[in-house]
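The residues making up each chain are set out below.
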Amino acid sequence: MAKKNNVVETTGESNENAIALRETDGLSQGQIIRKRFFRHKPAVASLIGLIFITIFVFSASGIHLGTDKAPITIPGWWQYTITDIPDTNFCATSVGCPNWQHPFGQDPIGRDYFALVMRGAEQSIMVMLIVGLIGGLFGTVIGAVSGYFRGWVDAVLMRFTDFIITIPSIIIGAVIGFKFGNLGVVALAVYLGLFSWTGLARLVRGEFLSLREREFVDAARVAGASNFRIIFKHILPNAMGVIIVSVTLMLAGAILLETALSYLGFGVQAPDVSLGSLISEYQDSFTVSPWLFYWPGILIIAIALCVNFIGDGLRDAFDPRQRRRITRKDLAKKAGE
Amino acid sequence: MPPTCEKPFGKVAGNGIKLFAYIGRRIAVVLVILFGSSFLVYNLEAVAGDPLADLRTSTATNKAFLIAQLTRQLQLDVPPPIRYFIWLKGVLASFLGTPDFGKTRQGIPVLTEIATAVPITIRLVLGATILAILLGITVGVITAIRQYSRLDYVMTFISFLMFSLPIFWVAVLLKQYLAIDFNNFLSSGQIPVGQLLITAAVIGVVLAGVISGSRKRVLTVWGIGFAGTIILLVLVNATNWIIKPGIGIVGVGLIGLAAATGFTALIVGFENKRVLYSAISVAALGIVGYYPVMAFWKPGTINIGSVLLVFVILGFLGVVAAYAFTKIDRGPAVRVTVLTSVFVSFFLLVDKLMQVWNDYLNSDGINMRPIPTIGEASVRLSSDDFWINTMDGLVHVFLPTIALTLISFAGYVRYSRGSLLEVMNMDYIRTARAKGLSERTVIVRHALRNAMIPLTTLMAFDFAGVIGGAIITERVFGWHGMGTLFNQAIGSQDLNLLMGVFAITSFMAVMANLAADLIYGALDPRIRVGK
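Chains as they are written, first to last, in the working numbering: chain C, 1 to 337; chain A, 1001 to 1531.
Just chain C, with the same shape it has in the complex:
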């Protein structure tokens, strides 16, 4: 990518290129990307927001891994867990409305809702990260190998991708979640990840198909680099932009898919909770105890919104084609200088 920018921007002599060049003069590729990303204010705010939400959720709820039978638990700082049933406080309109002891209120059984929501968010973020990791890995490797080797390897891998695409993720999630939902959220996330790499694989393949024809690949091959080295050391760094952007969007999709599955009852199973299952359970109490309905939804939106904005910022940073359009005003200014 560095190469491409240089070629494009130094050979052209027009005003437009001069404007583009001035912005990136004397900076390395990494610095240019970082500069572009930090110029995208909503993305930076979202990054800070997402880090804050993640730390807050995991520290409050703790970390829960393993299955029901063999739980691995690191407790959080919040005083209640999702199984505690403290005394219910009564108030004028409804049962269990928020107060200082229970900032998000209590559910009809009396469980502390802050603990429930934090646990749900913990599950959702965990699913998001695992899906991103697995999907990103599979998509990158399959796309890279397919695009680099072409021929029958490409044909086989791409038909395999088509094969996975025809199986709707919601069917897989439902079938697997229904049967293995009690294995815990990690298993669910791994399964979802195994079926969510298809879009990324196609993108990476496309990128590799065009990158492998470039001179720097020929140079590496002439210098005696192995295929493995060419793929991972030479081409992959150039395709990183596409991968990172696509994985961020995959993350946002994953959190919505997980909550949707849990809402339908196919995802995280009771007694464990997820943001989707909380909404599903308490949507009817919307008029009586709205806090039971609002908090899980707000958290889903907050997380997905942050991830989407970060993705947008990264896209702007990595993709020079979506750079700021040179307007007639810019040209006029340049001419006036």
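Do not take every clue at face value.
Claimed, not checked - Computed list of chain A residues with no C-beta within reach of chain C, every gap over 12 angstroms:
| hint | residue |
| --- | --- |
| 1 | VAL1029 |
| 2 | PRO1292 |
| 3 | LEU1349 |
| 4 | PRO1525 |
What the hints assert, rightly or not - To spell it out: a stretch of chain C is covered by chain A in this simulated footprint if at least three of its residues, at any positions, have a beta carbon under 8 angstroms from a beta carbon of chain A; those stretches are:
| hint | stretch |
| --- | --- |
| 5 | 135–148 |
| 6 | 155–163 |
Derived from the structure by calculation, the hints contain no laboratory data. As the structure is a prediction and not an experimental result, all values here were calculated from the model. Ideal placement from N, C-alpha and C gives every residue a C-beta, glycine not left out.
Dock chain A against chain C, hints included.
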């Protein structure tokens, strides 16, 4: 290969054969893939679910008999991989005209279930898909033209927000605020002063946001929007318009005129007076035809065909008008007049529906609470009036359509914006500008066409998804379409039903994929299909 002088016809025919070979090859691959994925899903579900689970735990005295009966009915004694081929044989019989997708646990043929579900799902999703495409592309194009303006930032934020919305959460809010509260509000039908002022202020802000320019200009626009909305809403209150709405012949005429000038300005520009006149004549046709059409659409003889007939006739007259007024460059003129005629016919329809609104409100089973939160049709509505029933269908599809539009709108905004921005940076756009073409021509006739090509893929998949339905939306709004069938199949371990839904949806998906590739190749000659 040295260039040879080929006969044009031979070349075209050769390409045609190549194209057919390509399509044939693709379909063959698709069939193999579908075979594999259906085999996998069949066995996954067969292993994951036990259809006898609820019977095993049942306390019925004839438990053993029931188990034996269901085992025989669903051939559960055959191992799943072999049972799959029995199922496949039935499905392949579709090519012989005798499809057999098996029976559900209740003994109903799966195809019967699907045949009742598909129209319901289409009704649920089609409107939302079309609306999302139209609105999404419009907003995407506007934000791309005004990149990094205030409007762009606001719309970007809104579209990301919609991207992040879980539909089951939005649905609850919509039910509360758009259905229950609106129905409560209908008991008076008068907009309270507070809400009137707030609405006017918000509309002012929206208008001011669209306009860019100096602070004075923005404030002026805000003021005009604010005052205009107040006048409009006060009129609405005074005429009790919410209870007895209507546009009338004057309204249809004004809207037609606005559409005529708008489409002319957008597609060919005002300098082309002939096109403007032909479009205005179409709008005039709307006024002339108002009373005949209303009489034609009277209850009794009316059906969906006569509604469509008006659209077709007006469209045809539009083409005639374009040909009568213009001599050169008739393509864009026809586009303008046909679009105007669709607009006019649509508002004739809207006006007709408004006339029955009050009757609908007072029908039995409605009782002034028109917007339902659940279901596909009012069970207690007993009317054989075409318009009342149409209205009933519309109010039931109202909330799901809004929810679905909100969700898929964002994708179109982002894609069309990104695509147009990419095209606007290309050299041929600079060339077009350098030729001295107006910005409108550059955008509408040069940039937009190429920018919309990548969206065909997205659209093809969305239309394929229409059949698959919206599993969650159907659940939330209590519709019984394909999504409900799917839910039911998973929940009750109904393998044949699941496979039926899966077969239809995956077939649609791969066909959409093929169609997208072919359309893509036809629209963009740079892409060689079949290579």
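Going down the list of hints, with the structure as the test:
With a least beta-carbon separation of about 7 angstroms from chain C, VAL1029/A fails to lie farther than 12 angstroms from that chain, contradicting its non-interface assignment. At the 12 angstroms boundary, the C-beta of PRO1292/A stays outside the reach of chain C, the nearest C-beta of that chain being 49 angstroms off. Interface exclusion of LEU1349/A from chain C stands, the closest Cβ pair being 35 angstroms apart, more than 12 angstroms. The claim that PRO1525/A lies off the interface holds: its Cβ sits roughly 20 angstroms from the closest Cβ of chain C, which is beyond the 12 angstroms cut-off.
Here the stretch 135–148 of chain C counts 0 residues with a CB under 8 angstroms from a CB of chain A, which misses the bar of 3, and the coverage is violated. Coverage of the stretch 155–163 of chain C by chain A holds [criterion: at least 3 residues with CB-CB distance below 8 angstroms; count 3].
The structure is inconsistent with the numbered hints 1, 5, although it conforms to all the rest.
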